[in-house]
Amino acid sequence: MNRRVVVTGLGAVSSNGIGAEEFFNNCLNDKVNVQYIPDQWRKYSSFNCGIWSPLIEPDYSKYGITDIEKKQFDKTTLLALYSTFEALDHAGVKYSLVDKKRGSYSIDNVDPFKVGVVIGTGIGGVESLISSYSFQILNNAKKKLNDIKNDNPGIADDVQNVDDLLIKAKRFSPFAVSMIMGNASAANIGIRFGLNGMNKTVSAACASGTAAIGYAYEAVKSGKLDMAVSGGVEYLYDEYGGLYFGFDSLKALCRAGDIIEEANRPFDKARTGFLYSQGGSGILILEDYDSAIKRGATIHAEIKSFAETNDAHNIMMIEKSGKCIERVIVDVMKQAGIQPKEVDYINTHGTATELNDEVESAAIEKIFGDKVLINSTKSLIGHSFGASGALEAVISVMSITKKKVHLNRNIKDPVRDLNFVRESTDAHIKTVLSESFGFGGHNTAIIFTEVQS
Amino acid sequence: MSEKNSDTFEKVKEIISQVLRDDLDIKYESHLQEDLGAESIDIMSLLIEFEDQFGKEIPDEDIPKLLTVGNIVQYIDANLKD
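Protein sequences, first through last, are from chains G and W. 1 is the number of the first residue of the first sequence in this note's numbering; add one for each residue after it. 1 is the number of the first residue of the second sequence in this note's numbering; add one for each residue after it.
Calculated from the structure, these hints are not laboratory results. Here the structure is a predicted model, which means the values were calculated and not measured. Be careful, since some hints might not be right.
Pair ranges (Cβ atoms, derived) [to be verified]:
{"no.": "1", "chain 1": "W", "residue 1": "I63", "chain 2": "G", "residue 2": "I148", "range": "28 to 36 angstroms"}
{"no.": "2", "chain 1": "G", "residue 1": "N140", "chain 2": "W", "residue 2": "P64", "range": "22 to 30 angstroms"}
{"no.": "3", "chain 1": "G", "residue 1": "K320", "chain 2": "W", "residue 2": "D52", "range": "48 to 56 angstroms"}
By construction, the Cβ of each residue, glycine as well, lies at the ideal position given by its N, Cα and C atoms.
Use the sequences and the hints to build the structure in full.
Structure below.
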């Protein structure tokens, strides 16, 4: 079986907007959310970078997610559920409450065994891990410090200063295991909507979101599924700035400079690294074309092909010749039966690290020349890791439907003389290539096109 | 005020309704699992809510005593309230 696969619904939460429409519009309007990191983190380390793009958290109650559930789920699950509700509503998929106690639904008029979930995440419920472990590690230590303080009033202030550094969660959550596990987001989407089909979690670092959409596309194309909830989610925050420090110590993050909104400069010669985003989520509803037509769905785009290669070179560094990136681009176009000149727009991986932008732009120039429109969504929202490819898929699809492309922010002196989008502009986009690469050497590419009936 | 009409009882009923998400007839005598259908995951959430909303920790050794709504109201009045 070789079916056509279409995108019928979109959901997004990013550091510059909640909801796919607001996210896309804020990217068009050059709205960014760049802040200095929390002062509290500086008690634990000094940092090279010192800025980030914090997430604006959505009002989860909009979709009936309760305050009780907010204590049962990691933020990754909450974000993924929120974006799934948005995407299903956008797709016009009807669902009915079947179990009030569990707050669970079933999707109307589908075989639930033919509806699946594929979610990408780089790290999963790491915030919950750190939070519960902070209690495990510090609870007794803090009690002992308190005893020392009470028994030794002379050093009480010094002891208190140490105690203040030892931030611990209120409890070791009894839900910790189910919050931490990497498959929690995908599983909870399946539980919430009664989806009995394939339920998969993909971890391919910063390529996770694109890979997840790619595998969901393959499952619908092959007939394994009729509908898939697919995308990526990440939430990288802890009270101590440790996750941030991990990237900062690699010197992977941009230098803040005097104007922090200008620090993140994908494809500019003056780039210094990526802007750390706190996270986000992007969800796409994929369907078999015939099923989507049959239920009268609005079709936003078609997925023509997905390809992946692996550098098999270095766990954290892109292979400098770019041969595996070139290969993934060639493969994805070959599968789609598309020539380079037919690609109107490339939504790049575009991290703003020295090596990524050099290798990625060289591959693009070699294959496409200098006509194709190019931008980096990360120039506006920073790098949201496992969510990034899915958020960029949302942008890719909306660039087709809205006939607009957003600017590549902060590009003054480009690394190559390519057609970078300097200002958001109208453009009739028929074919988009979206690329995502990840630590571990994962190279993924996906092609979205305008729908031809 | 008798325990059955106390503010604590009303608050406990509200918390149980939120956690169990159902229009239950919660009585002072109701057994959490047998009468109200609470599952182990619900009990965990209930304990978290009692701790968070009354502001004190419930030690593990006390948890087996909290079988009915009345047990909980009495326990909260005796141990969690200032």
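Practice task
Check each numbered hint from earlier against the structure, then list the numbers of those it violates in ascending order.
Solution key: Structure breaks no hint.
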